[in-house]
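Asker: What follows is the residue order along each chain.
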Amino acid sequence: MTQLGNANASVVVEQLRAWNPQAVSGVVEYRGETTIVVPKDLLRVAAEHCRENRALNFNLLSDATCVDRFPSEPRFELNYHLVSLARRDRVRLRTSVSGQQPIIDSLVPVWPGANWLEREIFDLFGIHFVGHPDLRRILLPDGFEGAPLRRDFPTEGKR
Amino acid sequence: MTTVETAIGSTKTMVLNMGPQHPSTHGVLRVLLELDGENVVTAVPDLGYLHTGIEKSCEDKTYSQAITLTDRIDYLNPLGNNLVYCLAVERLLGLEVPKRAQYIRVMMVELQRISSHLVWLGTHALDMGAMTVMLYCFREREEILKIFERFAGQRMMTSYIRIGGVALQPPAGWREMVKRFLDVMPARIDEYEALLTENPIWQGRLKGVGYLPAETLIALSTTGPGLRAAGVAFDNRKAFPYSSYEEFDFNVPTRTESDCFARYMVRVAEIRESVKIVRQALEKITDDGPIKADAPGIIPPEREKMKTEMEALIYHFKIFTEGFSPPPGEAFATVESPRGELGCFIASDGSPKPVRVHFRAPSFINLQALPYMVKGQLIADTVACIGTIDIVLGEVDR
Chain G
1 MTQLGNANAS
11 VVVEQLRAWN
21 PQAVSGVVEY
31 RGETTIVVPK
41 DLLRVAAEHC
51 RENRALNFNL
61 LSDATCVDRF
71 PSEPRFELNY
81 HLVSLARRDR
91 VRLRTSVSGQ
101 QPIIDSLVPV
111 WPGANWLERE
121 IFDLFGIHFV
131 GHPDLRRILL
141 PDGFEGAPLR
151 RDFPTEGKR
Chain A
1 MTTVETAIGS
11 TKTMVLNMGP
21 QHPSTHGVLR
31 VLLELDGENV
41 VTAVPDLGYL
51 HTGIEKSCED
61 KTYSQAITLT
71 DRIDYLNPLG
81 NNLVYCLAVE
91 RLLGLEVPKR
101 AQYIRVMMVE
111 LQRISSHLVW
121 LGTHALDMGA
131 MTVMLYCFRE
141 REEILKIFER
151 FAGQRMMTSY
161 IRIGGVALQP
171 PAGWREMVKR
181 FLDVMPARID
191 EYEALLTENP
201 IWQGRLKGVG
211 YLPAETLIAL
221 STTGPGLRAA
231 GVAFDNRKAF
241 PYSSYEEFDF
251 NVPTRTESDC
261 FARYMVRVAE
271 IRESVKIVRQ
281 ALEKITDDGP
291 IKADAPGIIP
301 PEREKMKTEM
311 EALIYHFKIF
321 TEGFSPPPGE
331 AFATVESPRG
341 ELGCFIASDG
351 SPKPVRVHFR
361 APSFINLQAL
371 PYMVKGQLIA
381 DTVACIGTID
391 IVLGEVDR
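Line order of the protein sequences matches chains G and A.
Following my numbering, the numbering of the first sequence begins with 1 at its first residue and continues without gaps.
Following my numbering, the numbering of the second sequence begins with 1 at its first residue and continues without gaps.
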């Protein structure tokens, strides 16, 4: 492997479990990357805890993105990549959102940097973020219909 | 831009539309400026003029086909985009890249970093009214592009870094060519600095402009020279080494002022560090050795073998028709691009085409800091701030 495995993985899981046993509904270790599956309702508080807890100190939100698992349900997977600048550690928080009700709490109150990342997901996947201060399309024109990064949207576009 | 209201001293604000066709927005960025006289009250960036749906297109291509698309995301850093995409695919596959190929990759992306910083320095100096510097910077950039042309056959959209290694063996005479460039470069950097660093106009335009404290920058997810100019020594090459960067000896330049001038100083220092890294890579790269991983079914076989061995012919056919299928899972690879943390997230479902390819584009995320930087500053300072954030619109809009 070109990058080393995550030696701190268990620390993150332990800290989160100690804080709230419900916050961790699953842990995936794959190719040296740690993914912590978080229930949708606890996402914002869990993210806040990851930032505030001194032992975790995930102060930078590196990335937020969505994966559409159409046609399975819940179809959307949201992935948040956190970085701790001091501890030089990375972790991925994942939560699932259903296709019938694509609504989730915004992380802008935790990291202002989530603003444009969530606008991008809103724009391209049509997921609504509750508590986002400025949820508008960002890349596509305002009159555009549909969410082009959904798997059931044709690559050539709708004619 | 005098309106009746400003002439009679009213505090009413006006909205000025800057871009998308404005030379100092470095492409097609549009910024709506709400102005009180000449001071910016709010700035609202408007993006998407260059959105080409690259991430969607990747879902319709096999893993190897998508490499040519990655070139076109950040067109000043195509090799860096190739690298992060290939690292992500290699991680999905669990593929080991030969050391020699890793060193070649390091050398190429560091040359790319120099060329990207040169374009930045040249165009930013042009924005600030110093035209000579641009001509000097493009002169040296040309030398780097000539090296790329010899290596990959292309000056800009090289697609040189491939899954499992690099596309071609280094060309004859490459060592002398790179060495010649390295020998002249340090003196040339001194030349740029002689024109700019002590220049009172340059200092006047940049010092104290666009200040943001480190905590704000971290909260806004800013990375790269912008964050390092605020005193945070975060660099993916040191923090999360990839492609054998841990074997190279280099510093991460930082400043503490966090203004436009500090960002300039950090970038110039980075050019010097990159020269150091390329010099070390030159020593590490042996004359002979493999440039691709040994993974039949994933790496296309050599032409000679394909013509003489049945098995190689079958692999060749399968790779270029069906592609290869990494096991289901996700990978997120990150590299330090000239603009900050460049990431590539790939989700595979075990089929020959990815379910999702996402690029964490540093230009896009760093640009979020613009409204905070320019608040209360002059219109002319907005130009300096856009410049020192160093955006590439191809990457912002993807």
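Quick caveat, the hints were computed from the structure, so don't treat them as lab data.
Bear in mind the structure is a predicted one, so any value in this text is a computation, not a measurement.
Be aware that a few hints might be false.
[What the hints assert, rightly or not] Here are the simulated DMTMM-like pairs of lysine to aspartate or glutamate, each with C-alpha atoms no more than 25 Å apart in a straight line:
id	chain 1	residue 1	chain 2	residue 2
1	A	56	G	152
2	A	56	G	156
3	A	284	A	247
4	A	56	G	77
5	A	179	A	311
6	A	353	G	152
7	A	56	G	41
8	A	238	G	77
9	A	353	G	142
[To be verified] Coverage of chain G stretches by chain A, computed from C-beta distances (three or more under 8 Å per stretch; other residues unrestricted):
id	region
10	63 to 76
11	95 to 109
12	139 to 152
We treat Cβ as the ideally placed atom computed from N, Cα and C, and that holds for glycine.
Asker: Now, for every hint given, state plainly whether the structure supports it.
Answerer: Structure-based check of each hint:
{"no.": "1", "hint": "A:56 with G:152", "in the structure": "holds (12 Å)"}
{"no.": "2", "hint": "A:56 with G:156", "in the structure": "holds (10 Å)"}
{"no.": "3", "hint": "A:284 with A:247", "in the structure": "holds (10 Å)"}
{"no.": "4", "hint": "A:56 with G:77", "in the structure": "holds (17 Å)"}
{"no.": "5", "hint": "A:179 with A:311", "in the structure": "violated (41 Å)"}
{"no.": "6", "hint": "A:353 with G:152", "in the structure": "holds (15 Å)"}
{"no.": "7", "hint": "A:56 with G:41", "in the structure": "violated (29 Å)"}
{"no.": "8", "hint": "A:238 with G:77", "in the structure": "violated (31 Å)"}
{"no.": "9", "hint": "A:353 with G:142", "in the structure": "violated (30 Å)"}
{"no.": "10", "hint": "63 to 76", "in the structure": "holds (count 6)"}
{"no.": "11", "hint": "95 to 109", "in the structure": "violated (count 0)"}
{"no.": "12", "hint": "139 to 152", "in the structure": "holds (count 6)"}
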